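Residue numbers (my numbering), protein chains in the order written: chain X, 16 to 482; chain B, -1 to 85.
None of these hints come from the bench; they were simulated from the model. Predicted model only: the values in this text are computed from it and were never measured. In this text, a Cβ means the ideal position worked out from N, Cα and C, and glycines have one as well. Incorrect hints may have been included.
What the hints assert, rightly or not - Stretch-level coverage of chain B by chain X, calculated; a stretch enters the list once three of its residues show a Cβ under 8 Å from a Cβ in chain X:
| no. | segment |
| --- | --- |
| 1 | 0 to 6 |
| 2 | 23 to 34 |
| 3 | 38 to 45 |
| 4 | 63 to 73 |
Stated by the list, open to error - Simulated pairs of lysine to aspartate or glutamate, EDC-like, Cα-Cα distance not exceeding 20 Å:
| no. | chain 1 | residue 1 | chain 2 | residue 2 |
| --- | --- | --- | --- | --- |
| 5 | X | Lys80 | X | Asp100 |
| 6 | X | Lys238 | X | Glu205 |
| 7 | X | Lys379 | B | Asp11 |
| 8 | X | Lys37 | X | Asp349 |
| 9 | X | Lys80 | X | Glu93 |
| 10 | X | Lys379 | B | Glu19 |
| 11 | X | Lys275 | B | Glu10 |
| 12 | X | Lys165 | X | Glu261 |
| 13 | X | Lys275 | B | Asp11 |
| 14 | X | Lys37 | X | Glu81 |
| 15 | X | Lys165 | X | Glu74 |
| 16 | X | Lys37 | X | Glu178 |
| 17 | X | Lys379 | B | Glu20 |
| 18 | X | Lys379 | X | Asp218 |
| 19 | X | Lys404 | X | Glu261 |
| 20 | X | Lys165 | X | Asp223 |
| 21 | X | Lys379 | B | Glu10 |
| 22 | X | Lys238 | X | Glu261 |
Listed below, chain by chain, are the residues.
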Amino acid sequence: MPQRVVVIGGGAAGIGAAGAAKQTDPGLEVLVFTEYEDAAYSPCGIPYVHGREIESFEELFLQGKEHYEAIGIDIRYETLVISIDLDRREVTVLPRGDLAFDTKRHRELLERVYGEGERVGFDHLVIASGFDYEAPAIPGADLDGLYYVKNIRRAMEWDRVLEEARTAVVQEATPLGLEMVTALAHRGIETHLVDPRPWALADVADPDIMQPVEESWVEMGVKLHLNTQVEAYLGDGRVRAVRTTEGEIPADVVVVCTHKRPNNTLARRARIPIGSTGGIIVDERMATDVPGVWAAGDCAEIPHELARIPLTGLTGSHAYAQGKVAGTNLAGGDRTYQPVYVPWGMVAGTWMIGGASFGETTAKALGIPHVVGIAEGISRARYYPGVRKIRVKLLFDPDEHHLLGGQMVGGEGIKERADFLGMCIRLRARAEDLATMENVYSPPIGALNEPIALAAQQGVAALSGRG
Amino acid sequence: MRPAVWLRRRAEDALLEAAQEEMARRTGRPYRPIHRGPAGFFWRRVFVPIYRLLPWRLRWWVMRVLPGSHRRRWRGRGPPRPAFGDR
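Only chain X is shown next, with the shape it has when bound in the complex (with noise of 0.2 Å):
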């Protein structure tokens, strides 16, 4: 009889654990449990399609539901794991019939509701469990008008409701927030952006990055409601309106960005251990301490490897690679995930931000000594059509002169620098070596001077005292 795995969760990192194990040994018999009506499209996508960037919905599926069929997954679809049983190694399994839970409160009172389901049992388990948004703990959570971006097929209705819509608030500037009010402000409808901190995305972007961005937003029309909390939602049975520590602001729609946690009830009762972040506790195959039960994605933590704490929320890429990782081993494959710098960036307005490992702010926050060194160059020669300025800011060790962490704003190219940086980072790269890079020049895709190189010998003038 085939070994069973049942995998929870169709996200990227579930999708890749099935895969990876499938492919490692054919012999098993794959089985993955997704509350949802899809598997395996790109949820990051979603927040493009709301802005009109991408035509439609369809175009962000990876694989038809036969694909998987075809290569011997068996993909339950919308089935609520409502609980893990290791003793008996098996799950309990509901179906989800027409009952929305797009959100944890949804689905604790769900489980709560019925007690008894199918029980399937395992030889691995894959948590593949996802996160769910930071619940705002304020009146007229329950109303409707309130929009969680998750689902597709919810996104799908959402974008009708928007057609409608004139106002929306999005509340808080996280990476999501960033591209929901850079989506709405592209769709032309009037835009609030509400955060209690000083800047967007200010937990792990620095001011002078986002200055460019915020700019650019209020071009766009966009309002934007910095150090300003949200108090309550307003309406009666339909959100109407927030209520925000600086006055009332109208809405059409609430689109609720809060910080993403590690969706680990089932885990938590199961008693598998979990970290400090409230992710499940994983080592570099990512095993859990419970003999045959692995973790991959969201609802795990994986250290950071300068600061050595874990995280958790990466990204889609470090959670399939995370799946893939679970899958080969579980089938009996070697395969080990390394600690994380975490490489990051996105279009906010008009800009493409991003970086990897340390910002100024959040070195500053943990402690960490660091001297910054900052440049302003360009993407293409100063001559070719659609150069554009880049703003590079690094950060060294002082006494090592290692690399620590950096971040851009700039017009293009953004994405493969901090790519460049988080390597340069885990090979332990110092100001010297980058001041001193070599670089393509070509005047349709690089200037003369790489900004990478600019900021860097910035750096090595502050660490030798010049700077």
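Given the coordinates of chain X, assemble chain B onto it according to the supplied hints.
Only chain B this time, still in chain X's reference frame:
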């Protein structure tokens, strides 16, 4: 919420807020504390200054003893960073 999760989240919020306050003032942006009241006062005005007074090695030890993936095996890691791990 488990004590370790609560502690980390509160500490992280307080340290980030303090860093944001400093950066906001440096760049001439207005700043308003998010967490107010006695709890906000404690984390902002007691915890953060004490954290900043501690040597990195001690701070790191506190972070290391919290439960988490960082205490499991991760072969990919290089040797300890002289950058701040040994300060």
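(message) Given the hinted pair X/Lys379 and X/Asp218, is their Cα-Cα distance within 20 Å?
(response) holds (11 Å)
(request) Starting from X/Lys379, check that the Cα of B/Glu20 is at most 20 Å away, please. (result) Cα-Cα ~9 Å, so holds.
(message) For X/Lys404 and X/Glu261, compute the direct alpha-carbon distance and say whether it is at most 20 Å.
(response) With Cα atoms ~35 Å apart, X/Lys404 and X/Glu261 exceed 20 Å; violated.
(request) Test coverage of the segment 0 to 6 of chain B by chain X using CB-CB distances below 8 Å; three residues minimum. (result) Three-residue rule met by the segment 0 to 6 of chain B, so holds; n is 5.
(request) Check whether three or more residues of the segment 23 to 34 of chain B sit with their beta carbon closer than 8 Å to a beta carbon of chain X. (result) holds (count 6)
(message) Holds or violated: X/Lys37 and X/Asp349, Cα atoms, limit 20 Å.
(response) Roughly 14 Å separates the two Cα atoms, so the pair holds.
(message) Can you confirm whether the C-alpha distance between X/Lys80 and X/Glu93 stays at or below 20 Å?
(response) Status holds; Cα separation ~13 Å.
(message) Holds or violated: X/Lys37 and X/Glu81, Cα atoms, limit 20 Å.
(response) holds (16 Å)
(message) Just to be careful, I want the Cα atoms of X/Lys379 and B/Glu19 compared with a cutoff of 20 Å; is the pair within it?
(response) holds (11 Å)
(message) Checking one constraint from the list: CA of X/Lys275 to CA of B/Glu10, max 20 Å. Satisfied?
(response) The given pair, whose Cα atoms are some 15 Å apart, holds under the 20 Å limit.
(request) Would you check the hint for X/Lys165 and X/Asp223, treating anything up to 20 Å between C-alpha atoms as holding? (result) Not OK: X/Lys165 and X/Asp223 at ~30 Å, beyond 20 Å, violated.
(request) Please work out if X/Lys379 and B/Asp11 have their alpha carbons no farther apart than 20 Å. (result) At roughly 13 Å apart (the allowed maximum being 20 Å), B/Asp11 and X/Lys379 satisfy the hint.
In the structure shown, a violation is registered for the earlier hints numbered 3, 5, 12, 16, 19, 20, in ascending order.
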